[in-house]
Amino acid sequence: MKKNKIIYILRLAVSTIVLIVSFLAFTTTFSVFAKFFVIQLGPNIISLVTSFSLSVLISVLAIIAFTFLFGRFYCSLICPLGILQNFIGFFSFKKSKNYKNMFKTRYVISAIVLGALFFGWIAGLKILEPYTNFGLIASSIFTPVYNLITNTQNYEFTITTLIISLIPFTILILLVLFKRSFFCTAICPIGTILGLFAKYGICRLKIDDKCINCGICFNTCPSGSIDLKNRIIDNEICIRCLKCVSKCPKQAISFGMSKNNKTSVLFSQSRRNFILSSTLILGAFATGAGSAIIRSKFFIKDKIRSILPPGSVDFRRLSSKCTNCQLCVSLCPNKVIHSRDLNHSSIYMDYSKNFCKYDCNICSSVCPTGAIKKISLQEKQHCRIGLAKIDRNKCINCGICVSQCPVKALSIDEENGNRILQYNATVCIGCGACQVTCPQNAIEIVAIVEQTKTIIYN
Amino acid sequence: MNRRQFVKSAIFTSVGMLFLKATNLIAEQSKKIIEKVTTRKYNNLNVSLLGFGCMRLPLQENSISIDLNKTQKMVDYAIAHGVNYFDTAWFYHGGKSEIVIGKVLKKYPRKSFYLADKLPLRVLQDKQDVENKFNEQLKKCQVDYFDFYLAHNVNKREINTLERCDVYSQLLKKKKEGKIKYLGFSFHDSPELLEDVIKKYKWDFVQLQINPVDWKAVNAEKQYEIATKYNLPVIVMNPLKGGQLSTLNQKAVDLLKAANSKISPSAWSLRYCATLPNVLVVLSGMTAYEHVVDNVNTFTNFKPLTDKEQGILSNAIAVYNSSGAIACTYCQYCIDCPIGIDIPKHFLLYNQYKANGKKSRFVTGYESIEADKRADKCISCGICKIRCPQKLDIPNLLKEVYNLYKSLS
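Going down the list, the protein sequences come from chains C and V. The opening residue of the first sequence carries number 1 in this note's numbering; numbering runs sequentially from there. The opening residue of the second sequence carries number 1001 in this note's numbering; numbering runs sequentially from there.
No lab work stands behind these hints: they were computed from the structure. Built from N, CA and C at the ideal position, the CB exists for glycine as well. Check the hints yourself; a few may be wrong.
Said to hold, decoys possible - With the Cβ distance kept under 7 Å, some of the chain C side facing chain V (calculated, not the full set): (1) Leu387; (2) Gly399; (3) Val449.
In isolation and in its complexed conformation, chain C is listed as follows (with noise of 0.2 Å):
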């Protein structure tokens, strides 16, 4: 076999291995899988604006190091969504059309978005952003799917979530069918931000003289990416796919240094075309900037005060962070993390069913961005997120909450004969334990304000 096919089949290996483990992570229980969206560049933009933390600024910068040496790698590699839109595009016949590079679209987006971020609104990523997608379509399509198969129940199904995820995987199938990578190179924020980088980037691929501009080449190419005439592949929207190289019958594309920066050309056509478009972007910018202190100043109202997972302090915190990629909720070993839905403008809990395990703090653990504190286990077992309001009149003093509470906040006293429940609520975490258990429905944990550490006295 030809050595160029063989990259290109390597390339194709890493790329099923990378979303076999990202589809394990929201469709199966097991939190190992999710430790590799710890190299996910948009959960990390976003816990880098929101609060920063050294771990995330050297993935950030890692990514960037990497994509500014060698290309938008990280498209074809890591991000989930881009190898799924890959796979879905073996089913997509259509030829590339002419050269078009859609720099302003894109720019124009991605400003917007990061506007909005930076002043503290992630609405734009959270439509946007691939992981988020990714996780979306896998967690509310996929894991039905894959119950059905191996009979077991690991998502709250509701129609709701349904329809939020078909939406976007809709769109994207269609996208993927008619125009390709249309996604990658011209919405998606996380592209543009490395196609920045790549743009200047060092190692590139390249055609030589072996060339007889047969076409083959630019046919395959999803990104529109080749320039036939120049004899250039730009290496911005370039997302590494390495079809070009694999079906080039005379193995005329290669990868290697290159000094040739003729890409395309954004700032360098003419001063009024320079101007013109700097405007577009800081009006974009400024655009989403603008919504994101109007609607903080104005609209952002939780419908219904509801209980939180443990470590996202208040609902304005958690609101402003969580893209609501579904990753703790497919992971949630009790499933009690639920996703938004009409009357909940964020993940939310629910103990109908079940209640906050003691010993977990899996959903802190693995939120890609930080939206969930990263909370030890023991900050966890006194982190308060609700308190349990208790029914007098329904309550009748069974005790079985007792033995069920791990904080020990509920206790039976025995008066002259009398059995009564007391509740000490300086301990209790509000897990819900004794809500579950209750026989009478006389117990209901009620959302508190902001979740506050139990104190504990010796």
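Go by the hints and put chain V onto chain C.
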């Protein structure tokens, strides 16, 4: 110009200048004779009998942040009239009180005022935290030392914190270093516990809640006697019971006005506290400029209450007590209710209703509270009960407020 003209104008000029000088002198003279508030001696200090409390500083309109300009004016007036004791704490105004008072006092020489701050026992995590919190407080107040430093709200629960975090010996070390001049504690619990705390550690002073209502009602009398027995000067907090005693109700005010129409109801209660010989300072948390002026007047040439006046006051208090007001001082310690219920607001509305009987005002006041923060959302978890220095049974009182609302609306 001839000579005659010259002499004329010279005389005019000099007379004019003399006149200016004279008015200037008179103005200066009149400044000098500002009457100062009465002071009491403590070791070698001359402490003003009126202390400036920083828990109820004026707020900006429709906001919870402190109005710096108004505070500055009030403090300037107070200092000009000889008030030199300022009392703040970690918890006041959500931690902002210390910062504001630090800013406001910045322009005065450090030795011209006495600053009291308190260690927030409730939030101490471990030993190291005492040091951390203390240093942070110094920084917030922009000073190098505190004249008076208190362990905040020692009670049945926090007495364990004193031991757990090794508070006393660490504070004593600070005292030796000169960062604390006098060491004391504030206290709202039972007389028995007070005696225990005084016996257990050596303190320089104690801060107690004393006012004409609480004198009998919550054992303030016994507490005062114990402090006197152990020779500890008393700093009085809550002399007006969070402003309740400055408004009272109409009947009680009428009684007081009949006896002396010149002085305000607050003056009666403040004088009541300052009449006790072992009281060093009477703290008043003043919220408006008028409060400062009124209180300064009360304490300038301070006259203790006569026996006759004591009788009149106790009659008025008896009338007020029968109105059924809740003994809340609006100290805001319960404000971190996990459910978010605005407890002090409820009690204020209730007490105002009990004082003036205006139904519509109570109902509109209640409805102006956000639906999420109203009394009916209370789940009786009782966390507020632990916080409340007045030992109020808050969940049940909230039910009472809610029932009143239901019956009126």
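Structure-based check of each hint:
1. Leu387: holds (5 Å)
2. Gly399: violated (19 Å)
3. Val449: holds (4 Å)
When held up to the earlier numbered hints, the structure conflicts with hint 2 and nothing else.
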